[in-house]
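> Protein sequences appear in the order of chains A and F. One gets the working numbering by counting positions in the first sequence from 1 and adding 74 to each. One gets the working numbering by counting positions in the second sequence from 1 and adding 629 to each.
Simulated from the structure, these hints should not be mistaken for lab results. There's no promise every hint is true.
[As the list claims (entries may be wrong)] If you want the footprint, here are the derived chain F segments under chain A, 3+ residues with CB under 8 Å:
# : stretch
1 : 661-672
2 : 708-722
3 : 730-737
[As the list claims (entries may be wrong)] Here are the in silico distance ranges between beta carbons for each label pair:
#  : chain 1 : residue 1 : chain 2 : residue 2 : range
4  : A       : Gly89     : F       : Asn706    : 45 to 53 Å
5  : F       : Thr634    : A       : Ser155    : 20 to 28 Å
6  : A       : Lys184    : F       : Leu668    : 36 to 44 Å
7  : A       : Ala140    : F       : Thr642    : 46 to 54 Å
8  : A       : Thr103    : F       : Lys638    : 37 to 45 Å
9  : A       : Thr157    : F       : Ser708    : 32 to 40 Å
10 : A       : Lys77     : F       : Glu683    : 17 to 25 Å
11 : A       : Gln90     : F       : Arg651    : 39 to 47 Å
12 : F       : Pro637    : A       : Ser155    : 24 to 32 Å
13 : F       : Gly657    : A       : Pro139    : 41 to 49 Å
14 : A       : Ala140    : F       : Gly645    : 49 to 57 Å
[As the list claims (entries may be wrong)] Under the rule of at most 27 Å between Cα atoms (straight-line distance), these lysine-lysine pairs were calculated in the BS3-like manner:
#  : chain 1 : residue 1 : chain 2 : residue 2
15 : A       : Lys77     : A       : Lys128
16 : A       : Lys77     : F       : Lys686
17 : A       : Lys128    : A       : Lys143
18 : A       : Lys143    : A       : Lys126
19 : A       : Lys143    : F       : Lys686
20 : A       : Lys126    : A       : Lys77
Bear in mind the structure is a predicted one, so any value in this text is a computation, not a measurement. All residues carry an ideal CB built from backbone N, CA and C; glycine is no exception.
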Amino acid sequence: LAKTTQPISMDSYEGQEVNITCSHNNIATNDYITWYQQFPSQGPRFIIQGYKTKVTNEVASLFIPADRKSSTLSLPRVSLSDTAVYYCLVGPMGNTGKLIFGQGTTLQVKP
Amino acid sequence: DSGVTQTPKHLITATGQRVTLRCSPRSGDLSVYWYQQSLDQGLQFLIQYYNGEERAKGNILERFSAQQFPDLHSELNLSSLELGDSALYFCASSVGGLNNSPLHFGNGTRLTVT
Numbered sequence: 075l076a077k078t079t080q081p082i083s084m085d086s087y088e089g090q091e092v093n094i095t096c097s098h099n100n101i102a103t104n105d106y107i108t109w110y111q112q113f114p115s116q117g118p119r120f121i122i123q124g125y126k127t128k129v130t131n132e133v134a135s136l137f138i139p140a141d142r143k144s145s146t147l148s149l150p151r152v153s154l155s156d157t158a159v160y161y162c163l164v165g166p167m168g169n170t171g172k173l174i175f176g177q178g179t180t181l182q183v184k185p
Numbered sequence: 630d631s632g633v634t635q636t637p638k639h640l641i642t643a644t645g646q647r648v649t650l651r652c653s654p655r656s657g658d659l660s661v662y663w664y665q666q667s668l669d670q671g672l673q674f675l676i677q678y679y680n681g682e683e684r685a686k687g688n689i690l691e692r693f694s695a696q697q698f699p700d701l702h703s704e705l706n707l708s709s710l711e712l713g714d715s716a717l718y719f720c721a722s723s724v725g726g727l728n729n730s731p732l733h734f735g736n737g738t739r740l741t742v743t
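Put together the whole structure using the sequences plus the hints.
Here is the structure:
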C-alpha cells in the first residue's frame, strides 16, 4: 500500500491560493490519487481525483508530475470556510484494496 | 448531502455492552466501507464490503463485526465495548467494481462508552 506524507498543518489568508503537497513514493500503477476535505464532526467530502497530469474542477486543481510520486492540491482564493483537514488518499478505486487515510493537513485560513 | 445515511447519530452506552451501527449507502453504490475516527488515531479503515461480500479488512478488532445485506445496507456490530472504543464511526459508499469512483461518506455515528 502506498504510504502518503503531507504537512501536518498550514496557515493561509483569505483570498490566497493554497497548495498542499502529498508525497507517495511507492504509488502503484493502478493507484489513483484522491483528495478529501473534512470539517469537524463531519464525514470526509470528496474534492478531486486524478491519475496523472492535471485535473481541474469547480473547487480545486490537482497537479501530478510524470513520476506520480507526489501530487499537489491547489485551492484558489481560499475563504474562511475552507478551514478544514485535507487528506491525500492513494489507492486503487473500485472494489478491491484498503483505502488508507493518512494524518491529513489541517489548513487554517485567517481573515 | 452525500446520500449516505448513518443511524443513530449518537449512541451512549456502558462498557461491556454491544451496539449496532447502521449504514444505508447511496443509491446504486455496491461498496460499503467502515472507518473509525478517534482523536488520537485519525481515520482508521476497518472493513469493506462489495455487493454483500467482504473485500478488504483493516484494523478491525475481533470484538467488531460487520455485514452487508442483500439490500446493500450494512451494519457494524461492536461488542464487549471498552472506553477506548469511543469514537466517530463513519460509513462510506462507492459504486465499486472496476469503476474508479470516489468514496462518499455519511456524517457518522458518535459512540460514547462510559
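> Hints broken by the structure, by number, lowest first?
When the structure is compared with the hints, numbers 6, 13 turn out to be violated.
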